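Undergrad: So the chains spell out like this:
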Amino acid sequence: MKVLQVIEQAFRATGEEQDDTIVWLSRSMRGAGADLHILLTSHAVSYALAKAGSPALSFGDWRQAHPADIRNDIRELLASGVEITVVQDDLEERGLGAKQCLQGIRQICRDEIATLYDSVDQVWQW
Amino acid sequence: MKEGQTLTFAFMDPPFESARTSTFFRLLDAALDAGANVNVFAYEGAVALSFAHQSAHGNSIHGRDAGEEAHPLSREWIAALQRKAAHCGVQFQWINCGLCVDERGVNEVIDGCGRGSPADLWKFASAADNTLVIGTRD
Chain C
1 MKVLQVIEQA FRATGEEQDD TIVWLSRSMR GAGADLHILL TSHAVSYALA
51 KAGSPALSFG DWRQAHPADI RNDIRELLAS GVEITVVQDD LEERGLGAKQ
101 CLQGIRQICR DEIATLYDSV DQVWQW
Chain H
1 MKEGQTLTFA FMDPPFESAR TSTFFRLLDA ALDAGANVNV FAYEGAVALS
51 FAHQSAHGNS IHGRDAGEEA HPLSREWIAA LQRKAAHCGV QFQWINCGLC
101 VDERGVNEVI DGCGRGSPAD LWKFASAADN TLVIGTRD
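As you go down the protein sequences, you meet chains C and H in turn. If you read the first sequence in this note's numbering, its first letter stands for residue 1, the second for the next number, and so on. If you read the second sequence in this note's numbering, its first letter stands for residue 1, the second for the next number, and so on.
It is worth saying that the hints were derived from the structure and are not from the lab. On a predicted model such as this, the values are computed, not experimentally measured, just so you know. Hints may be right or wrong, so weigh each one.
Partial chain C-side listing against chain H, Cβ under 8 Å, derived [stated by the list, open to error]:
1. Met-1
2. Lys-2
3. Met-29
Heads up, the beta-carbon is just placed ideally off N, CA and C, and yes, glycines get one too.
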């Protein structure tokens with residue numbers, strides 16, 4: 001069974017979890033043998049960018065030692081064989097169309113999403 | 001839906017902050033009504049749904065004591081669905097993400113709810129006729 005994980009909500013709980021919850025879930029399930037494809041849409045398209053980072057969190061003398069490194073998590077997913085696709089229209093709407101995406105991420109137009117949905121057994125919209 | 005099918009649900013919301021939680025429970029109830037076996041993987045804030053120490057309280061603004069107020073508790077909703085599944089002769093399995101439980105300190109859960117990992121979600125989904133994921137929304 002192949003599942004398309006559609007990640008739409010960006011930076012959800014990244015402070016507390018030190019990662020994106022669904023990227024982490026995907027890495028964990030991939031380790032358990034899951035056959036996954038990830039589609040980055042809406043604000044989550046920023047996860048596809050090659051140059052971006054999460055500023056460290058600090059309150060008073062408390063400082064988060066390991067802030068989320070979503071870029072690295074995305075690279076690890078790619079390296080584990082998970083296909084990752086990003087919606088080009090959503091990048092452009094956010095002024096990110098000219099930014100370089102991480103190597104290995106495929107860009108598609110919004111009208112290609114239906115074809116992608118048809119290519120998998122299940123679609124999980126997060 | 002054919003009777004005897006198995007449905008898997010993944011849910012992320014905590015007990016009381018969103019109408020998604022009551023909608024999620026309505027879906028579980030309807031699935032049991034349809035004769036489906038139900039698997040639940042509770043993730044992130046949803047692991048608090050089965051916390052055993054949820055406590056009802058009175059409400060002075062409502063002018064009711066704890067007994068009269070009968071505050072809804074998600075652990076009681078789960079227990080009710082467990083009883084309903086047993087009565088209907090179908091399975092009702094509930095697994096909490098263990099790391100999410102530890103982060104929130106909600107380790108003590110009601111009977112019939114277990115601790116697991118995303119590997120359990122994949123096992124549930126692989127064995128089910130279909131899976132519905134309900135993520136937290138901003």
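Undergrad: Does each hint fit the structure? Answer for all of them.
TA: A quick look at each hint next to the structure:
no., hint, in the structure
1, Met-1, "6 Å, holds"
2, Lys-2, "11 Å, violated"
3, Met-29, "5 Å, holds"
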